[in-house]
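Engineer: Whole structure, please, built from the sequences with the hints as guidance.
2 protein chains.
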Amino acid sequence: MKAYKSLTKEELKALCEELEKAYIDVKGKGLNLNMARGKPSKEQLNLSMDMLNIYNPSVDPVTPTGVDTRNYGELTGIAEARELMAGMIGVPASNVIVFGNASLPIMYDTVARSYMFGVNGQTPWCKLDEVKFLCPVPGYDRHFAITEQFGVKMIPIPLLADGPDMDMVREYVEKDDTVKGIWCVPKYANPTGITYSDKVVKAMAALKPAAKDFRIFWDNAYAVHDLYEDKKDELLDILSECKMAGNENMVYEFCSTSKISFAGAGISAMATSAENLDWVKKTMTVQTIGYDKMNQYRHVLYFKNADGIKAHMAKHAAILRPKFDNVLKCFDEQLGELDIATWTKPNGGYFISFNAMDGCAKEIVAKCKEAGVVLTGAGATYPYGKDPKDSNIRIAPSFPSAEEMAQAAEVFVLCVKLVTAKKLYENM
Amino acid sequence: MKAYKSLTKEELKALCEELEKAYIDVKGKGLNLNMARGKPSKEQLNLSMDMLNIYNPSVDPVTPTGVDTRNYGELTGIAEARELMAGMIGVPASNVIVFGNASLPIMYDTVARSYMFGVNGQTPWCKLDEVKFLCPVPGYDRHFAITEQFGVKMIPIPLLADGPDMDMVREYVEKDDTVKGIWCVPKYANPTGITYSDKVVKAMAALKPAAKDFRIFWDNAYAVHDLYEDKKDELLDILSECKMAGNENMVYEFCSTSKISFAGAGISAMATSAENLDWVKKTMTVQTIGYDKMNQYRHVLYFKNADGIKAHMAKHAAILRPKFDNVLKCFDEQLGELDIATWTKPNGGYFISFNAMDGCAKEIVAKCKEAGVVLTGAGATYPYGKDPKDSNIRIAPSFPSAEEMAQAAEVFVLCVKLVTAKKLYENM
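Which chain is which? The protein sequence lines are A and B, in order.
Counted the way the numbering used here counts, the first sequence spans residues 6 to 433.
Counted the way the numbering used here counts, the second sequence spans residues 6 to 433.
Simulated from the structure, these hints should not be mistaken for lab results.
There could be a bad hint or two in this list.
For chains that are exact copies, the list does not tell them apart, and a pair is met inside one copy or across any two.
Think about it this way: if two alpha-carbon atoms lie no more than 25 Å apart in a straight line, the pair counts; the simulated SDA-like pairs of lysine to any residue are [stated by the list, open to error]:
no., residue 1, residue 2
1, K158, E135
2, K350, G78
3, K132, F122
4, K391, V291
5, K132, T183
6, K47, M173
7, K236, E48
8, K47, V72
9, K374, G71
10, K374, A84
11, K158, D395
12, K10, G71
13, K217, A279
14, K286, C131
15, K286, K391
16, K132, D218
17, K391, T288
18, K427, E135
19, K132, N254
20, K287, G382
21, K391, D146
22, K158, I294
23, K287, V379
24, K374, I294
25, K287, C131
26, K315, G341
27, K315, P62
28, K237, A319
29, K47, T68
Structural biologist: Spelled out as structure tokens, the structure:
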């Protein structure tokens, strides 16, 4: 294998023809594979099925702290669930509210609350002429969709190997008081899989925002989602870092068990300062009488504590690992020497981030789709769905089986080669 | 027993002294009873415990319509749950979205959505100078708390025996385009227990609102909550009435299983026109990937269909009936001839609405509290907590046992007599 850029025009032409033929063959197979979303596989979901037996009629529905989980009340969640979630992300339970089935609606509500009622008594964002959010890119499309819906101006910030470009973050946050937030997936980031370094977390906590109502939206979605026993990323606790830096109110941390127990039928949590919690509760008490405490208790009874969660996550890792490995092996073997793409090799999380040659991502995704392999839309990892380089593609290896994943990776690699070779040939 | 108003000053004085003595005795008992909220009792919650066994590891987690309830997706709820909830309130399943654990947050979201993004493309309410809601009174405090939080101006409308005063409703809705909504609990209303007559429902459906974005918030919370087998109120289906009147988009109907299965761990639903649903889904798709489908499926497996729900509700009625009967018997026997109060005798729902002599409600509630019987705060049934007559008290007989309820009713009646007699004496 030679780097594509070193090929002559004739060699490229021959290559294109050969790849085109292979592509026609693949299309003929009528594949139907989906690598679009970070969905757990059936095998992973089966891991938690015993949870359905754990809260049964013989169990006392009243928690050790005296709450009947079947009745109204407990706005901030049952104490035992707050302990569980706090333990999972390493914060005090007193800083935690446990909510409903997933964390996305909680993040949405947090933005909505700020938009409608402001942040801790500041002007509601809906009354401001402009509100900006910083968006490390590539990032999570559903984050960007929330701020887009609220008319927030999103500013892309390069996500480096150790976290967002903090010089740029500082520049915006400390000089522009219309910058009200930053979206972060600090561990096993969606989609690059990187984890913020201690230096970045400390720099984040030490920001001196121009806006009093600036908040870090710290989506710690993959806090316990390691892939390898011997390669685990560690993330500093942002809450205590912010507190030490005198910025106790600056961060909202989010997490859930959606990719631990059941996707969309888990429990979710927010961790933040006492002052922030008071503000949240003030509007929340009108919004709801309380979230589903029976499902909270079901999770408590099943996992018991953070160690229970971590032991469970090792089983998830065992299922996910071969899928990631198959994809990475295929990329290494087939693209390693071609010098037409780069990709991440994460230690955890749900994604591999793939950077194709500039201007190729959309076409690669289209070609894959034509051949029966669905990927996240190209551009989705950027605000407004606009990847300026048309380069980034998010690969989600979790849902198909390891065998299907290997097959899908083959198709993907073929499409990458084909689109890139054609582009190089046309531009020659 | 003589009517208090017919007593001489001396007789009233003696009566006050006698009641005061009885009150001191009662206080000495150190009671601790709660009739404040419409909470189901433990006995009622026990009725549904077998639901916890129904979705177990041996059950196929994939629904008959092919949805894995354990994974992401199905924004509008699983088809089977939509059928179930639609059947319960008598509307087509295609008009229904099934949500999470309770209906209050769905009503909140519906107001919030209108505030942030408008109604079907109309101006967001947050951009308007004034938004008004009509509030039939006495009504549900949590409804009023929602509109109060959004700065909506609430206009009290008398709730008559057959529904809101429709002349007044028409006057406001058809002439004032800042009137954007009306809160209704159309069946076994909270707190009066009345059900809107066919005439009222038809008049409601035939409104010609000045505002295009006027909506009826139809909280059908007690659709299947009959108390007596032989006295069941019937409510016309507002959706089809609105459709017939050419007002298909004018109503949002809400319901939940909170007082059917588990309070705060049930499932909830909204029924409305296809056009409204499209608008709801447009924002909802950013807010959430989907609600808890496992709990939706749990409810489907347990209740099977609307008949299953109705059979289950007969068991609730058997528990609730003696509580209501004890209270009403006590009122009849002890207040029946005194001419100092009126109260409702509902055929269903969760409340008895009590009207004391004007200017007495707050003091009665305070006296009860002092004697260990907690009631809903006086005024709570009016917008801003302000009952202009200081007369209405909401009685919630569901939570205490029938014996406790009889005891609490005795205390309440004593406080009513004492406060009223003193007031009459002082004003003489």
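Engineer: Each hint should be assessed against the structure and marked as holding or not.
Structural biologist: A quick look at each hint next to the structure:
When the C-alpha separation of K158 and E135 is checked against a cutoff of 25 Å, the pair qualifies only within one copy, where the shortest distance is 7 Å, while the shortest distance between copies is 27 Å. In this assembly of identical chains, K350 and G78 lie within 25 Å of each other by CA distance neither inside one copy nor across copies; the values are 45 Å within and 28 Å between. In this assembly of identical chains, K132 and F122 lie within 25 Å of each other by CA distance both inside one copy and across copies; the values are 9 Å within and 14 Å between. Proximity of K391 to V291 under the C-alpha cut-off of 25 Å is restricted to the inter-copy arrangement: shortest distance 18 Å between copies versus 38 Å within a copy.
For a Cα distance limit of 25 Å, the shortest separation of K132 from T183 qualifies both inside one copy, at 12 Å, and across copies, at 20 Å. Taking the shortest Cα distances, K47 and M173 never come within 25 Å of each other, neither inside one copy (41 Å) nor across copies (57 Å). Within a single copy, K236 and E48 get their C-alpha atoms as close as 23 Å, which meets the 25 Å cut-off; across copies the closest is 52 Å, which misses it. Taking the shortest alpha-carbon separations for K47 and V72, only the inter-copy value of 12 Å comes in at or below 25 Å, while the best intra-copy value is 34 Å.
For a Cα distance limit of 25 Å, the shortest separation of K374 from G71 across copies, 23 Å, qualifies, whereas the shortest one inside one copy, 54 Å, does not. For a Cα distance limit of 25 Å, the shortest separation of K374 from A84 qualifies neither inside one copy, at 47 Å, nor across copies, at 28 Å. For the identical chains of this complex, K158 and D395 are intra-copy neighbours only, at 21 Å inside a copy versus 50 Å across copies, given an alpha-carbon limit of 25 Å. Taking the closest pair of Cα atoms, K10 and G71 never come within 25 Å of each other, the shortest separation being 69 Å inside a single copy and 48 Å across copies.
Taking the closest pair of Cα atoms, K217 and A279 come within 25 Å of each other only inside a single copy of the chain (16 Å); across copies the shortest separation is 42 Å, beyond that limit. For a Cα distance limit of 25 Å, the shortest separation of K286 from C131 qualifies both inside one copy, at 20 Å, and across copies, at 22 Å. Taking identical chains as interchangeable, the C-alpha atoms of K286 and K391 lie at most 25 Å apart only when they sit on different chains, with a minimum of 24 Å there against 36 Å within one chain. Proximity of K132 to D218 under the C-alpha cut-off of 25 Å is found in both arrangements, the shortest distances being 14 Å within a copy and 21 Å between copies.
In this assembly of identical chains, K391 and T288 lie within 25 Å of each other by CA distance solely across copies; the values are 21 Å between and 35 Å within a copy. In this assembly of identical chains, K427 and E135 lie within 25 Å of each other by CA distance neither inside one copy nor across copies; the values are 43 Å within and 60 Å between. In the homo-oligomer, the alpha carbons of K132 and N254 lie at most 25 Å apart inside one protomer (22 Å), although the nearest pairing across protomers, at 29 Å, exceeds that limit. When the C-alpha separation of K287 and G382 is checked against a cutoff of 25 Å, the pair qualifies only between copies, where the shortest distance is 19 Å, while the shortest distance within a copy is 39 Å.
Only within a single protomer do K391 and D146 lie at most 25 Å apart by alpha-carbon distance; the minimum there is 11 Å, versus 46 Å between protomers. In the homo-oligomer, the alpha carbons of K158 and I294 lie at most 25 Å apart only across protomers (23 Å), although the nearest pairing inside one protomer, at 33 Å, exceeds that limit. Taking the shortest alpha-carbon separations for K287 and V379, only the inter-copy value of 23 Å comes in at or below 25 Å, while the best intra-copy value is 43 Å. Taking CA atoms no more than 25 Å apart as the test, K374 paired with I294 passes between copies only; the shortest distance there is 23 Å, against 45 Å inside one copy.
When the C-alpha separation of K287 and C131 is checked against a cutoff of 25 Å, the pair qualifies both within a copy, at 19 Å, and between copies, at 19 Å. For the identical chains of this complex, K315 and G341 are neighbours neither inside a copy (34 Å) nor across copies (65 Å), given an alpha-carbon limit of 25 Å. Within a single copy, K315 and P62 get their C-alpha atoms only as close as 28 Å, which misses the 25 Å cut-off; across copies the closest is 22 Å, which meets it. Taking the closest pair of Cα atoms, K237 and A319 come within 25 Å of each other only inside a single copy of the chain (12 Å); across copies the shortest separation is 56 Å, beyond that limit.
For the identical chains of this complex, K47 and T68 are inter-copy neighbours only, at 14 Å across copies versus 31 Å inside a copy, given an alpha-carbon limit of 25 Å.
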